[in-house]
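Residue numbers (the working numbering), protein chains in the order written: chain A, 1 to 310; chain B, 1 to 273.
Read the hints as simulated data drawn from the structure, not as lab findings.
Hints are not guaranteed to be accurate.
Below 30 Å or equal to it, Euclidean Cα-Cα: the simulated DSSO-like pairs (lysine-lysine) are [unchecked claim]:
hint, chain 1, residue 1, chain 2, residue 2
1, B, K46, A, K168
2, B, K223, A, K61
3, B, K14, A, K219
4, B, K136, A, K61
5, B, K187, A, K21
6, A, K259, B, K46
7, A, K61, A, K168
8, B, K223, B, K136
9, A, K258, B, K223
10, A, K230, A, K168
11, B, K223, A, K259
12, B, K46, A, K258
13, A, K230, B, K14
14, A, K230, A, K219
A few chain B residues that don't get close to chain A, going by computed Cβ distances all over 12 Å [said to hold, decoys possible]:
hint, residue
15, P17
16, S55
17, L56
18, Q57
19, Y59
20, D70
21, I73
22, F77
23, V80
24, G96
25, G140
26, Q142
27, F198
28, I202
29, Q227
Glycine is no exception: its CB is placed at the ideal position from the N, C-alpha and C atoms.
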Amino acid sequence: MRNSKATSDPVGDMQRSRTKKNWLLSAPALVVLAAASSGPLLIVLVYSFLSAGEYSGVVWKFSTDAWFNVVFFRDIFDGTTSFADAHITILWRSVRLSFITTIITLAVGFPTAYFIATRPRRNRSLWLFLITVPFWTNLLIRTFAILEVIRNEGLINIGLQMIGVIDKPIQMLYTDFAIMVGMTYVYLPLMVLPLYASMERLNFSLVEAAYDLYATRHKVLRRIIIPLVKPGVIAGSILVFIPSLGAFVTPRVLGGGKKMMLGNLIELQFGAGRNWPLGAALSVTLLTLVMAALLMYVRTTQGNNAGSVR
Amino acid sequence: MIAFIKKRTPFSLKSQPGFGLIAGLCFLMLYAPIITLVVYSFNAGKYISPWEGFSLQWYVAAWENEAVQDATIRSLFLAVQAGVYSTILATMAALGTTRTRPFRGLMAIYAMINQPLMVPEIVTAVALLILFAMIKSLTGIQGMFYLVLAHTAFCIPFAYLPIRARLEGMDLNLETAAADLYATPWKTFWRVTLPLLFPGIIAGSMLAFVISLDDVVITEFIKSSGQETLPTYMLGQLRRVVTPEINAISTVLLGLSISVVCLLFIVERRSRK
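Between the sequences and the hints, there should be enough to build the whole structure, so can you do that?
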């Protein structure tokens, strides 16, 4: 505590006695979170080891079928076992698209964050504000906005047809490409914000020193700027990768049920698939992937505070 | 034009080739789709495109649509409740975690409060679906309670972060001074801490309100029939042929979110001065 005084001091005494039990103030929030956020995750884990009910829900009987079904497929007629191609395709698509999305947002976000960080100080918060506004608007609406731009009768196709580059529309909607564009669009602010946070602290006298030593602009970028803002790069990448992996709305609207990601596969099991244990097992799989990514992040940035965004 | 300026200005330390261009494209990319969506909400035609002239008919249609009215009221009701509850809980939690000496469990408390930010929404949604289905079949209790509880929970970290930031930036000497002048801890809180904390509380509650208003995934999973919110209603409509009515609803919702965020920006600027 900053102003701790000698024990004989009554104010210091009061401050100290207050601080001891103060953490109890967070108890109500923790109770609500335990009831409606962390606690239920344990139930999902339990459900992944139960048998599927006939119509929906579960039968309370231990079974590892759900976990088996995540990667394997057992033919009900001849009993042969093979890999569940559909699941593996979807899993692979989730990881691949999330990875590509992270790379693209980094490629666009890095120069943008740098541009904002090099504006005069009083203008920066306005530029930053322009980045955050879309982030605070509805994800569904932003996805819908992308749908309107890339659909067959959308702006891009009509524009290209008008200038005569193509004579019939390119099918972009309901492809992996559409999902990737949508995720890049909705998660871009999550990349720019942490990048900006570390670029703002960039010490430009180091850049100046490099130029004094006859470094080219490219060299300054590669040898000075990028290494210095690396914590921001890692934080931004994690912040984009994790929600991309668990994306649900964007692939549903832009993939149109044809191109599913892990989130949609999970929904399917709780809806038309009527296989809750499998859905639970897939959820745990997704959670594990996310936690692994987070753990990697914590490992690489130990003792580093670059992760603080908002 | 850019080349022209470059020739005249002395060597710039900070510039990197092409970065300004990419940043410009980035801002264009961020706003062009939203602007397109807003523009087409004024389309007179039956479909979103082609453009057939200016008209407000889709706003009228949305206004008169009973399903939309119903969902709007429910969304606002939910967002106000979740916003208020989560802000109260988050303020208490922020006081509890900053006005204390570091101890072992503190990191665990941080992790727990921020947990909704880390776990994918779809996983939380599924977990709540299972839990609430269980409770409903055991007790038979129905109603908005489940939605309010779920929304309150995932709004807590959004309300917590700005409030904690404000508390950490606060001058503790003021509280000590109040205590020096024989204010009771309770009085110190009401007369010193809380007024100073107010901008943080405003920011936190507004963020919580917007986050609740925008939620699709968790609501979609745990709502009972007849509990559509505006976002879940829209998600349902997107399955069909969409008319500019969806654009009109989107524009109104966008306007609401953006004005809340703008207000926040202004409040923050003021409180910094």
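Hint check results:
no.	hint	verdict
1	B:K46 <-> A:K168	holds, 22 Å
2	B:K223 <-> A:K61	holds, 28 Å
3	B:K14 <-> A:K219	holds, 13 Å
4	B:K136 <-> A:K61	holds, 21 Å
5	B:K187 <-> A:K21	holds, 18 Å
6	A:K259 <-> B:K46	holds, 29 Å
7	A:K61 <-> A:K168	violated, 56 Å
8	B:K223 <-> B:K136	holds, 12 Å
9	A:K258 <-> B:K223	holds, 25 Å
10	A:K230 <-> A:K168	violated, 44 Å
11	B:K223 <-> A:K259	holds, 26 Å
12	B:K46 <-> A:K258	holds, 27 Å
13	A:K230 <-> B:K14	holds, 18 Å
14	A:K230 <-> A:K219	holds, 16 Å
15	P17	violated, 6 Å
16	S55	holds, 18 Å
17	L56	holds, 19 Å
18	Q57	holds, 18 Å
19	Y59	holds, 16 Å
20	D70	holds, 18 Å
21	I73	holds, 17 Å
22	F77	holds, 17 Å
23	V80	holds, 17 Å
24	G96	violated, 3 Å
25	G140	holds, 16 Å
26	Q142	holds, 17 Å
27	F198	holds, 18 Å
28	I202	holds, 15 Å
29	Q227	holds, 16 Å
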